[in-house]
Amino acid sequence: MMTDFFLKLRQAGIPVTLTEFLTLLEALSQRVTAHNVEEFYYLARAALVKDERHYDRFDQVFGSHFKGLETLFDQVIGAKVPLEWLHKLAELTLTDEDKALIESLGGWEKLMETFAKRMAEQEGRHEGGNKWIGTAGRSPFGTYGYNPEGIRIGQHESRERRAVKVWDRREFRNLDDTVELGTRNIKVALRRLRRFAREGAAEELDLDDTIRSTARNAGYLELKMVPERHNAVKVLLFLDIGGSMDDHIRACEELFSAARSEFKHLEYFYFHNMVYEGLWKDNRRRYTEKTETLTVLNTFGHDYKLILVGDATMSPYEITYPGGSVEHFNPEAGEVWLDRLLRTWPRAIWLNPQSQKRWSYVPSIQMVRELMGERMYPLTLEGLGQGIRALQRIR
Amino acid sequence: MSESRFRGTEQYIATDDLMMAVNAAVTLGRPLLVKGEPGTGKTQLAEEVARSLNRPFLQWHIKSTTKAQQGLYEYDAVSRLRDSQLGDARVHDIGNYIVKGKLWEAFTIDVQPVLLIDEIDKADIEFPNDLLHELDRMEFFVYETREVIKAHHRPIIIITSNNEKELPDAFLRRCFFHYIRFPDKETMERIVNVHYPNLKKRLLSESLEAFFEIRDVPGLKKRPSTSELLDWIKLLVAEDIPPEALRGDQHKIVPPLYGALLKNEQDVHLFERLLFMSRRKKD
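Line by line, the protein sequences are chains S and Y.
Position one of the first sequence corresponds to residue 1 (the UniProt record's numbering), numbered consecutively onward.
Position one of the second sequence corresponds to residue 1 (the UniProt record's numbering), numbered consecutively onward.
None of the hints are false.
List time: in silico PhoX-like cross-link candidates among lysine-lysine, alpha-carbon distance up to 20 angstroms: (1) Y:222 / S:281; (2) Y:185 / Y:201; (3) Y:102 / Y:150; (4) Y:222 / Y:263; (5) Y:122 / Y:67; (6) Y:222 / S:290; (7) Y:185 / Y:234; (8) S:264 / S:281; (9) Y:221 / S:281; (10) S:264 / Y:122; (11) S:264 / Y:63; (12) Y:234 / Y:200; (13) Y:67 / Y:102; (14) Y:102 / Y:122; (15) Y:221 / Y:263; (16) Y:122 / Y:63; (17) S:234 / S:264; (18) S:290 / Y:221; (19) Y:150 / Y:100; (20) S:281 / S:234; (21) S:264 / Y:67.
Quick caveat, the hints were computed from the structure, so don't treat them as lab data.
With these hints in hand, go ahead and build the complete structure from the sequences.
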């Protein structure tokens, strides 16, 4: 009974170890509880769960195991919101070459104009084909289809990465900085950025100076202290989140988690696709608590190193045109803002989680790369190493 | 060990799960790690455990510069060197220059003490790892005097954390864990009753209502906690504010002395703006 419970907890993803399990058994044999289910529950929780984020999962396992209730996990993991109109039924598959071949439909203004017209014309649900708004077609409007300048409506994850307007506001979760698995390699790579400097209160004995001063002091002890050495490198991390970044969330979490523990002076901000006039720190409150990019530019000194993380896969309008952003109206184009960032923090690199093979097929990646002065590196261990070396070269 | 069970005290209301966690930690002699929102009484818990079990209370407050070794002992080589130059007789006994830390004190005290290690997450990442062996075996070796300090009685160790840093797994594995949830209204009523037993029933319910309403304001940077509620009620009583001032439509009246609850000028602005907006809607 108990062993099964232990195994079930592990299956549910709670990191319970044998030591903790033995602690629980020991507590039971010492009669800490008086054979009461509620007390047993509290005891088991205190002994086995070491993080309040796992409380919920623990409760479910406990409930299902000890009361014989049906497992609740299917509901938890498999919950999906049904979309009524634009329901995913079929998906169009195209190769990279095909994608590169499909032509764009005229200019930006024309696209918006046509969209308004189609919205008025169309009444029912639509699927396939290449004119109407619906699913799995090649019309520029709708979801699960493909067109390089398309508009995305009501879709869970951006399927192809080129939609110009995202119409469904989705809540993105914050990057979880607790992913420790596999971050060790990244930490080692980041460690190269370290630069030690003596700062703060003097609290370490400076042996050389003490000996020298004592000798000069006719043999009477004269102590000399120096401040302890600290890692003095300062890093600004800008992370692209949501939309096309959903695929790369794991890699970004690992990088973020490693960077968080490695640098004392680490500031991070989120952006979506391209940097504009506003950034945010908490993704759940991205619409209410924005920090102005100008403030950020004025707050952090030139000695900060800037690392941008993003797939740079977007519509070219988002970079070059004012008002091209997918989420709001931006008075100034993305390239203007990126240029400002680079002027303030010349030591900057862009890390791209998208595989390097695909870079040449995506025009926006080429553009961003050019803006960054070719300092774009893949978000792999090797790429990270190259990027860090580049950061150190720039004076 | 039924006589030494913790059941909360007159000043401290403990929920069932908290009592269980404390008792399990006391019985098995393992450290108890307590997390929770600031102001939910994490630090106070250790004091109350010591008081209710009638044990001596030791507090080790952790700062960002605290090293694990400081909890064991420190060897003051510099003053020994200086004394040797001045010809002090004390210099021949190295023991005179060993400064005992809190853990040493806790290990050598005659009765089982309660040791609070407060805000362990403030220290360096390696700090908890450096204490693993000491907390596990409850003994350590003093290199300078070549002696082993062993605990006479395994002290009851209560560790608090504000979640600023993740604690290492190896450390967590050795502890019992409890997360102090924010109290619900009934528990809160009991807590206030314990602190202000003569409070008028009306004032209590009105102030609690206002308090939970402020806590529900979305987007507050720092939500008011239990300790702030207690301060606020103290102020209300001291200023002799009638319950009517807190009563009725909360969207119309700014609760008096709300500075005791909101500690951040952005929060105060946000709160005033929300009040202003809801007032405009009604007019």
